[in-house]
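> Spelled out, the chains give:
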Amino acid sequence: MSTTSKKDKFIANFMKNPVADAIGQQQTVREEAFQALRELEFPTLKDEAWKYTRVAGILNKEFEVKEVENPALSENYLIPDLKVNRLVFINGKFQSELSEIIDSDLDIKTTAQARFENHDAVGGYLGSLTNHKNEIFTALNTAFNQTGAFVQIQKNKKPQFPVHIIDVTEGEGVTYQPRNLFVLEEGAELDVIHTIEGDNGQSFTNLVNEFVIKENAKASYYQVQRNGEKNNHIQTTQVYQAQNSRFRTGTYTFGGKLIRNNVNIAVDGENCETILNGAFLLNGKQHVDNHTFVDHLQPHCESHENYKGIIGGKATGVFNGKVLVRPDSQKINAFQSNQNILLTEQAEINSKPELEIYADDVKCSHGSTTGQMDEEALFYLMSRGLTKAGAMGLMIQAFAAESIEIVEIEPLKQWIESLVEERCKEIQD
Amino acid sequence: MLSIKNLKASIEDTEILKGLDLEVKPGEIHAIMGPNGSGKSTLASVLAGREDYEVTEGDVKFNGKDLLDLEPNERAGEGLFLAFQYPVEIPGVSNMNFLKQAINSIREYKGEDAIAAKEFLKKVKEKQDLVGLSGRLANRSVNEGFSGGEKKRNEIFQMAMLDPKLAILDETDSGLDIDALKTVADGVNQLRRKDNAFIVITHYQRLLDYIVPDVVHVLSEGKIVKSGPKELALELEEKGYDWLKEDEGVNA
Ligand SMILES: Nc1ncnc2c1ncn2[C@@H]1O[C@H](COP(=O)(O)OP(=O)(O)O)[C@@H](O)[C@H]1O
Ligand SMILES: [Mg+2]
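These protein sequences, in sequence, are chains A and U. Mapping the first sequence onto full-length UniProt numbering, position 312 (from 1) lands on 312, and the numbers just tick up by one. Mapping the second sequence onto full-length UniProt numbering, position 40 (from 1) lands on 40, and the numbers just tick up by one.
It should be emphasised that the hints constitute simulated quantities derived from the structure, not laboratory data. Quick reminder that beta carbons are idealized off the backbone N, C-alpha and C, glycines included. There could be a bad hint or two in this list.
[To be verified] Short derived list, chain A residues pointing at chain U, Cβ under 7 Å: (1) A377; (2) F379; (3) Y380; (4) M382; (5) S383; (6) R384; (7) L386; (8) T387; (9) A389; (10) G390; (11) L394; (12) A398; (13) A401.
[Unchecked claim] No farther apart than 27 Å at their CA atoms in a straight line, the calculated lysine-lysine pairs in the DSSO-like style are these: (14) A/K6 x A/K388; (15) A/K425 x U/K100; (16) A/K388 x U/K194; (17) U/K25 x U/K165; (18) U/K230 x U/K5; (19) A/K16 x A/K133; (20) A/K413 x U/K118; (21) A/K388 x U/K65; (22) A/K413 x U/K100; (23) A/K257 x A/K7; (24) A/K51 x A/K285; (25) A/K425 x U/K110; (26) U/K8 x U/K61; (27) A/K388 x U/K165; (28) A/K388 x U/K61; (29) A/K46 x A/K61; (30) U/K125 x U/K110; (31) A/K388 x U/K110; (32) U/K61 x U/K194; (33) U/K239 x A/K388; (34) U/K239 x U/K18; (35) A/K155 x A/K83; (36) A/K388 x U/K100; (37) A/K388 x U/K123; (38) A/K257 x A/K6.
Only chain A is shown next, with the shape it has when bound in the complex (with noise of 0.2 Å):
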């Protein structure tokens, strides 16, 4: 079989469910997209940009839209005590029951339905950012996506309370394509929970987020993985950030089988402040792949970059971060850092800081560094009655709590430092 029927083949997955008329300029956004999945072929590991992640075995299986029969929200979603505007999305389908607003008046949809009433942010924004013409899995989502969370928050505004979507994905063989847009007026402040669940059948999900953030807007954007053991998750996040505007993600991954992240930031002004962190606990075969790109567009601005990764059983994560500093882009402070500990022998991690710099100016700085386990410190702490177990997972927890503090909501931070102790019990056999 040729690669070419296979990808029509896996395409075709998604041909069986119709996706609503595009209207406008998302007619346009959307052609652009089918028009790159005839031409793009599906990554091999020869791309350099996927040398350590084989989608292969992805591109094999086949996978159906299905909604379920009985939507329920588990407890065991939701966030101890943190109120939030929550919308929830069960394979892709958005839950109006399972879901609560409580800002009165938040702008807060789902792409769906803000594309059905043509609204001037969606015709405007959604798919402005992103590579669809030529990443194949963003042309995926663009082409296919059905709905997502949409929310466009005013001038000056800020809810009071954070934004929660919750992703949760149900049964055997299934596919969706979770497309977000979140647009911030100037002045604007937003804070995003995104949390990815998932039961243990096979799936593939395929989410793309963008953030357009203008001047002096605040957004932040904190997921937690915690998709099922046979899920396969390949997402974008896309951000553009105007003057003086601060932006900050972490993403947290616990769960899943095989998970590319791309985080892809544009700094196209000065004066930006952002901040990119995120923790892998991995263990079994999982393998998770974090890239992201800062694209200093723009003179005096600053990003730090922290990722934490620690990795047990036959896992394997690859960390492969890039900064680029254009040749105008003077006073730039960038910093980048992946730090990570292997449990086992067997695990293994590809880690690769790119520093690109145009600019003679700058105060840039990147490290990667990975070892074992301290064992003269575990010994330690042992020797004064802490199991092994009890001992790893404090110092894994100490580890990994760098990647955590930038996480600004308290209870969130909180309930995210749980389950770092709760998958420490878990990679350690």
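Model the placement of chain U with the ligands on the given structure of chain A, informed by the hints.
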């Protein structure tokens, strides 16, 4: 309480302990002295269960149990405590969190309930005062950025919190000024009871002015070559260790 018979231990195929015997009874304080490299820390590490060492021969009973069969945390659960010669810095792990978990792990091992938050805090305050660390541990990571003296005080503090049956102090006095030394000694003396015991490893006789031992042992080349009353420490201070090597055969 502790009974060591013919203990031999190696590291990376080098034999360090070469047939060591030691008996410690409840209520006793034993001092172990000896030249650098004679195996004092090795003995302490083997007793605490450090994995790097291979025990090739011998037998260690701790309150009737085979100590060498136990994991380090189980040894702590049985009431053994080692104050490290070089306490380890553990960035990011909070002192208080760690200590609480240590206490509760030992309690769990013994089948007891977890400590109440209030009781824990009360105990922390009391024992911190005892070692002169009042208010200096909160919000800090285990030993991170501690001065040498603070690290040693922290060891004694932890010892006081865990209230072991047998505590081994490995050169806790090294590098301490006289005030810190007295604090450490006070800590030990206040914890001293009829039903617990201490092994104090030291280079210097001066600590033994404050912690008065029942027996002084000399460890040399992996064996205890001489044991005697506390006056032996003074003699060692004056004469050094060389004279012992010559009549090793007689005393061993
Ligand atoms: N990792 C190691 N490999 C080989 N020899 C070691 C190692 N660690 C310690 N030793 C040796 O073991 C001997 C005893 O060391 P130690 O127990 O620390 O002595 P002490 O505490 O009495 O000064 C020394 O000769 C030392 O060089
Ligand atoms: Mg020593």
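> Each hint should be assessed against the structure and marked as holding or not.
Hint check results:
With 7 Å as the threshold, the beta carbon of A/A377 comes within range of chain U, its nearest partner Cβ sitting at about 5 Å, so the hint holds. The criterion of a C-beta within 7 Å of any C-beta in chain U is met by A/F379, whose closest approach is roughly 6 Å, and the hint holds. Of the supplied interface hints, the one on A/Y380 holds, with its beta-carbon coming within about 4 Å of a beta-carbon of chain U, less than 7 Å. Of the supplied interface hints, the one on A/M382 holds, with its beta-carbon coming within about 4 Å of a beta-carbon of chain U, less than 7 Å.
Given hint, A/S383 at the interface with chain U, holds; its Cβ is 5 Å from that chain's nearest Cβ, closer than 7 Å. Checking A/R384 against chain U by beta carbon gives a least distance of about 4 Å; that is within 7 Å, so the hint holds. The closest approach between the C-beta of A/L386 and any C-beta of chain U is roughly 5 Å, which is under the 7 Å cut-off, so the hint is satisfied. Taking 7 Å as the C-beta cut-off, the interface hint given for A/T387 holds, the closest approach to chain U being about 5 Å.
Look at A/A389: its Cβ only gets to about 10 Å from chain U, farther than 7 Å, so that hint breaks. A distance limit of 7 Å between C-beta atoms decides the matter here; for A/G390 the minimum to chain U is near 6 Å, and the interface restraint holds. Restraint check, A/L394 versus chain U: the minimum CB separation of about 5 Å is within 7 Å; hint holds. Proximity of A/A398 to chain U holds as hinted, the smallest CB-CB distance being about 3 Å (cut-off 7 Å).
Using the Cβ-Cβ criterion of 7 Å, the hint placing A/A401 at the interface with chain U is satisfied: the shortest such distance is roughly 6 Å. The hinted pair formed by A/K6 and A/K388 fails the criterion: a straight-line CA distance of about 48 Å is larger than 27 Å. Note on A/K425 and U/K100: the hinted pairing holds, with a Cα-Cα distance of about 19 Å set against a maximum of 27 Å. Restraint check for A/K388 and U/K194: not satisfied, since their Cα atoms lie roughly 32 Å apart, outside the 27 Å limit.
Between U/K25 and U/K165 the CA atoms are separated by roughly 11 Å; this keeps the pair inside 27 Å, and the hint holds. Restraint check: the Cα-Cα separation between U/K230 and U/K5 comes to about 23 Å, which is no more than 27 Å; the hinted pair holds. Pair hint A/K16 plus A/K133 holds up; C-alpha atoms about 23 Å apart against a cutoff of 27 Å. Between A/K413 and U/K118 the alpha-carbon distance is near 25 Å, which keeps this suggested pair within the 27 Å criterion.
Of the pairs offered as hints, the one joining A/K388 and U/K65 holds, with about 21 Å between alpha carbons and a cut-off of 27 Å not exceeded. For the suggested pair A/K413 and U/K100, the alpha carbons sit about 22 Å apart, so the restraint of at most 27 Å is met. The straight-line distance between the Cα atoms of A/K257 and A/K7 is roughly 21 Å, inside the 27 Å bound, and the hint therefore holds. Simply put, A/K51 and A/K285 have alpha-carbon atoms about 18 Å apart, close enough for the 27 Å limit, and the pair holds.
Note on A/K425 and U/K110: the hinted pairing holds, with a Cα-Cα distance of about 22 Å set against a maximum of 27 Å. A hinted pair counts as satisfied when its Cα atoms are at most 27 Å apart, and U/K8 with U/K61 qualifies at roughly 15 Å. Pair hint A/K388 plus U/K165 holds up; C-alpha atoms about 22 Å apart against a cutoff of 27 Å. Of the supplied pair hints, the one linking A/K388 and U/K61 holds, its CA atoms being roughly 23 Å apart against a limit of 27 Å.
Straight-line distance between C-alpha atoms of A/K46 and A/K61 comes to about 21 Å, which keeps the hinted pair within the 27 Å bound. Distance restraint check for U/K125 and U/K110: the Cα-Cα separation of roughly 24 Å lies within the 27 Å cut-off, and the hinted pair is therefore satisfied. Between A/K388 and U/K110 the alpha-carbon distance is near 17 Å, which keeps this suggested pair within the 27 Å criterion. A hinted pair counts as satisfied when its Cα atoms are at most 27 Å apart, and U/K61 with U/K194 qualifies at roughly 19 Å.
Of the pairs offered as hints, the one joining U/K239 and A/K388 is violated, with about 45 Å between alpha carbons and a cut-off of 27 Å exceeded. Pair hint U/K239 plus U/K18 holds up; C-alpha atoms about 24 Å apart against a cutoff of 27 Å. In summary, the hint linking A/K155 to A/K83 is supported, as the alpha carbons are separated by about 23 Å, within the 27 Å threshold. Between A/K388 and U/K100 the alpha-carbon distance is near 16 Å, which keeps this suggested pair within the 27 Å criterion.
A threshold of 27 Å between alpha carbons decides the hint, and for A/K388 with U/K123 the separation of about 25 Å falls inside it, so the pair holds. Annotation: proposed proximity of A/K257 to A/K6 holds, straight-line Cα distance about 22 Å (limit 27 Å).
Checked against the numbered hints above, the structure breaks hints 9, 14, 16 and 33 and satisfies the rest.
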